[in-house]
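K.L.:
Start from the sequences and build out the full structure, keeping to the hints where you can.
Quick note, the sequences are listed as chains C, A and V, same order.
For the first sequence, numbering that gives the first Met the number 0 begins at 0 and goes up steadily by one.
For the second sequence, numbering that gives the first Met the number 0 begins at 0 and goes up steadily by one.
For the third sequence, numbering that gives the first Met the number 0 begins at 0 and goes up steadily by one.
Keep in mind that the hints were calculated from the coordinates and are not lab data.
Be a bit skeptical, because a hint or two may be false.
[As the list claims (entries may be wrong)] Partial pick of chain C residues on the chain V-facing surface, computed with a CB cut under 10 Å:
| hint | residue |
| --- | --- |
| 1 | Val416 |
| 2 | Ala485 |
| 3 | Leu551 |
[To be verified] Only some residues are given here: those of chain C computed to face chain A with a beta carbon under 10 Å:
| hint | residue |
| --- | --- |
| 4 | Tyr101 |
| 5 | Asp103 |
| 6 | Pro121 |
| 7 | Lys430 |
| 8 | Asn431 |
| 9 | Leu432 |
| 10 | Met433 |
| 11 | Gly434 |
Quick reminder that beta carbons are idealized off the backbone N, C-alpha and C, glycines included.
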Amino acid sequence: MAGSGNAHLRPDALVSARDIVVEFPAAGGRTVYAVSGVSLDIMEGETLGLVGESGCGKSTTGRAMLQLPRPTSGSVQLGGQELTDLDDEAMRLIRPRLQMIYQDPISSLNPRRTVRDIVAEPLFIAWDNLARRSAIAVWQERVAALVQGLARRVAKPMRILGFAMSVAFVLWIASETVEERAAESLFGWTEVPAAVIGFPALALSLAVGAVFAVLGVAWILLMLMLPFGLMSRQFGAVPTAVGLVGVVATTTASAFLLWRTWSSFGGWAHWVNSGLLGTITVVLVLWLLASLVRPALAGTSAVATSLSAMVVLQVFYIGGLDDTPKLAVLVASGVVDALLFVWIRRRYHASRQELRARADPRVREVLTYVGINPDDALDRRPWEFSGGQAQRLSIARALVSVPQVIICDEPVSALDVSVQAQILNLLEDLKNLMGLTLVFIAHDLAVVKNVSDRVAVMYLGKLCEVSEPGPLYSQPAHPYTDLLLAAIPHPDPEAPIGDSSKIGGELPSPLSPPSGCRFRTRCPLAAQRCADEEPQMREIAPGRFVSCHTPLVGEPAPPTSMAEFSVGAES
Amino acid sequence: MGKRLGFFFWMAVVFLTVLGLAAIFADVLPLKHPAETFAGTSKSGPSLTHWFGNDAVGRDIFSRVIYGAQVSLVISTVGTMLALTIGGLLGLVSGYYGGRIDRWLTATLNATIVIPPLILFLALVLFLDSEAQRRVFILIFTFVLLSIAPIARVVRAATLTWAGQDFVLAARTLGARDGRVLFREVLPNVAPSLISYSLIIMAGLIVVEGAVAFLGLSVPPPTPTWGDMISKGRTNLDVAAHISLMPAITMFVTVLALNFVGDKLQQHFEPRESVL
Amino acid sequence: MSDATRPRSGRALLEVSGLRTTFDTPSGPLTAVDGVDLEVRLGSRLGVVGESGSGKSVMSRSIMRLLPKSKVTTSGKVLFDGIDMMSLSRRELLDLWGPQIAMVFQDPLGSLNPVMKIGRQVGEGLRVHRSMSAKAARTAALELLDEVGIPEPQRRIDEYPHQLSGGMRQRIVIAIALACSPRLLIADEPTTALDVTVQAQILDLLETQRAERDMSLMLITHDLGVVAGRTDEIVVMYAGRIVERAPTATLFRDMRMPYTEALMRSIPKITDDSHTRLEIIGGRPPEMTRLGPGCKFAPRCKYAQDLCTAEEPALMPAASSQTNEEATAHLYRCFYPVGSNEAAEALERNIASGRVSETGVVIGAA
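P.N.:
Encoded structure:
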């Protein structure tokens, strides 16, 4: 067993996984062969039970279907679409359709978030991903619209001011240099008449200086305001031309300041100082580039740019003060910055509240589906719930994005016995109500039988048997299935206790799985052929597939080669 | 069922707040000028007019302690904040991505741990700062460089724990980007221990600043610093112990308060232990 | 089965009466175990069944006196072979643990010292209690490892716990517990962390070792399947109380407590068809700091009447049991026991009043 082969696969399956291989690197350059060529398919509306001992690779198989992590090789198709080829970005758009429920309900919910946010998160993420995808297209549209409708934008006073301020700032910086040059020429280069260079320069700098004097305070105010001009009400924020100009202006200004600092402090000696500023400048430039490449980022990046530019300016301004309470000014401006951040966050939160409001009806709806009263639960945190309720929340989170397939990884094994049945029935109801397709991974054979339409038994990274539950449980075909069934303790004192001597041994290490059939080391029926040849999946009865040379039901596998023909004939 | 932080926690918070505010608004408060010498008060003990007494040249120790707090607090706060940002980010990245990034970052950070702080500082002072003009920057730079590794380690360990939780996997199965996972799922869980740890780092930086000042290498006079005051006072320890003692006690209490607040916060934020 | 031949009455090895353990928590006192009476007879096997929070583990630790002293108060009487465990000093307890009572916990990795070789851990008890030499202890440890079914004990004895699989680790823990041939073994969820195949092996190991050494066993679990074939008597716990106590066969055949019945019915059975609707127990286990008066199961019980929420029933003998012996052995805590006419009427009333759905689920408990 532990065989390969695809005989059991059906056409038109909703999910079809072929020859999934998952290998992890282990210490000492070895490899963990977690899953070695498992093929499974699930029809729409079907529940596939995946059962096996811990370490058999059943959870890894489930996660490989989700591409988390991606399988080492093999193919996974959802509704005919190949998932293993998709890049991360494209996969993100598929993810809402494939959801997962976890074993430990407490650890699968972030303890620091409220139920409202946890359950709505899939929607937030999906909206965000959709918005990002369309952001570039929207940006191009917006630029076109901007060119045509400049007047409309210009009419917004804040933005005009912002634009003007940016220009003024650049000019001011420029003028300072000109002023220095003028001074140099006046007192240094005597051969050049002062009037030739100095006067126009001085005049220019005075003019610009006057503008700066008037708008000096307004500049700081502007830096405070500028971000809000950029903040789009929508989560897929899109930069405006003004925003970009602001970014360019502040970045240039910072770069210029850096250069000035560098030269005025006399080169490398004050590299600490310059380096600090340099780092900030590099960050600003990176933000700028990022906002150009990814327009959707510009909304927040412009905020960051402007604020950091402002902080730098403040530090320089304060650093230049003489004989004044520097620390008080520094802290006061720090408080202003902090308030500003808070203010921006509040603005940001307002939009988050909009998101919440948008998600609210759906969140309430799914909470009701899973039997949780939204009015009680929405503002509580996961640890305030019992295990069963937390598992309901986890189910609600999986449902909110209207998935097609839910992979349930041991969803009831961490729950109290009296609560397990509630969750199992709930999953059954939801499946019928919403037409879900489920993969139910569990080690408890009775639980798997209860929920499944088809059961697949796994052993050490391979499939043993795939069948409808009825025959599989009443007449196991694979020796391993037989062993599993024998080990189950029955809640009935009259029932015979299985003979555990038959169970012998434990799972071999996935670092060095046995050759041929992986179960042979524990199999009571193991023969030489089992070590030499890996059994292939084959149909032993209608709808019953097993990968074993000598199954307990049906005919032994026909020999595959002439060499083995004689062996087969003898037996 | 909130855990009580307790009386001493709030005492410590009040002390730190008062000290911080006093340092910030030292210029505005009715304090005596820290450099002013009061005739005939040399080495005199605490009195109503000079609460902490006067030093060898008759300057008001109380006022100097407050002004000295400026240096201590600025250096420790700025140093910690920078180290927190850089170390925190490195730790997050290292713990979350693992693999090669983790190995390289951890190796590099471990390399910084072996640098003896005083020697690094002295080397930097020697090479970069003969005129003691940029001492503060060098101090902060050294402190930041040396605090990054411990902070990054704490953050990395916490990140490793939290990133292994199922809710992180859940966020990824929902299609969340790494940034979103890091900042929305992991960071809020890491932050509490980070914040409390940074208070302890801060306390450490105050002590280091004191030690550096004792060697006469901190911010140069006339700016008063605690370490400098303690150092200058030691010649008069036998006749006027308060000259060293007052700044020393203030430093001791500040460091104690920071450690205490840090420890308490750490306990407070610890995940709710199950009630058996 | 061997049950039939086993003597039902024998001298009690462990007698617990009125055991009560209270934790001092931030949200108020939490009585995790409240008035537990039970006894384990010489050579017999007692199963303790309960969900998490039912107090079964706290009970076993109270009996062993393993709970921390601060913020915990334990009262009641625990007699082990006539010795009052509650009055023993720390020193005397140390002499008791190992040669008299031993315990096996759920998490084998947590119960083993990760930096000590297996052989030393197994031999430790012998060196302390039997003053064996290191060499003799090692020989004894080898024997023990062999007895608990560790393959290649010669090699394994010098390995560390992390080099073993979960099942092997649990065998080591059992070997340590058996080292001094205790007279009572308390196994607290010994197989919960293990796979079903390993579980069967470990349970069989416990049984053979118990029979060989004529040891008594207290098997604590949440899984009715585990205790069904492997105990003589079962105690069912809910909210820190014993709600039913009966010889194993009687309990499964003739349960009286509605909780036991509901628990039994809510488990998916391997013999049922797929998609068989499970009978659920509405609601969830009560919060131990906020227990009301009355029967603690009443809010989730389909038979519950006003009386049940007002007054807590005492443990009462099952009068209708076939024999007298069974009547005294079978106790339950319910005013409307399963199978009685009163219960049938109560259920009808509840359905009529809309408190319970047609399918027998308490509405609004969740």
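K.L.:
Given Asp103/C as an interface hint, is its Cβ closer than 10 Å to any Cβ of chain A?
P.N.:
holds (6 Å)
K.L.:
Interface hint check: Pro121/C, Cβ to nearest Cβ on chain A, cutoff 10 Å. Holds or violated?
P.N.:
holds (5 Å)
K.L.:
Against chain V, is Leu551/C within 10 Å by beta-carbon distance?
P.N.:
Since chain V brings no Cβ nearer than about 17 Å to Leu551/C, farther than 10 Å, the hint is violated.
K.L.:
Any CB of chain V closer than 10 Å to the CB of Val416/C?
P.N.:
holds (6 Å)
K.L.:
Does Ala485/C meet its interface restraint, that is, does its C-beta lie within less than 10 Å of any C-beta in chain V?
P.N.:
holds (8 Å)
K.L.:
How about Tyr101/C: closest beta carbon in chain A under 10 Å, or not?
P.N.:
holds (4 Å)
K.L.:
Against chain A, with CB atoms and a cut of 10 Å, does the hint on Met433/C hold up?
P.N.:
Where the cut-off is 10 Å and the nearest Cβ of chain A is about 18 Å from Met433/C, the hint is violated.
K.L.:
Should the interface hint for Gly434/C be scored as holding, given a Cβ-Cβ cut-off of 10 Å against chain A?
P.N.:
violated (20 Å)
K.L.:
Answer holds if the nearest beta-carbon of chain A is closer than 10 Å to that of Leu432/C; otherwise answer violated.
P.N.:
violated (22 Å)
K.L.:
Can Lys430/C be said to touch chain A, with a Cβ gap under 10 Å?
P.N.:
violated (19 Å)
K.L.:
Interface hint check: Asn431/C, Cβ to nearest Cβ on chain A, cutoff 10 Å. Holds or violated?
P.N.:
violated (24 Å)
Of the numbered hints given earlier, the model fails hints 3, 7, 8, 9, 10, 11; all others are met.
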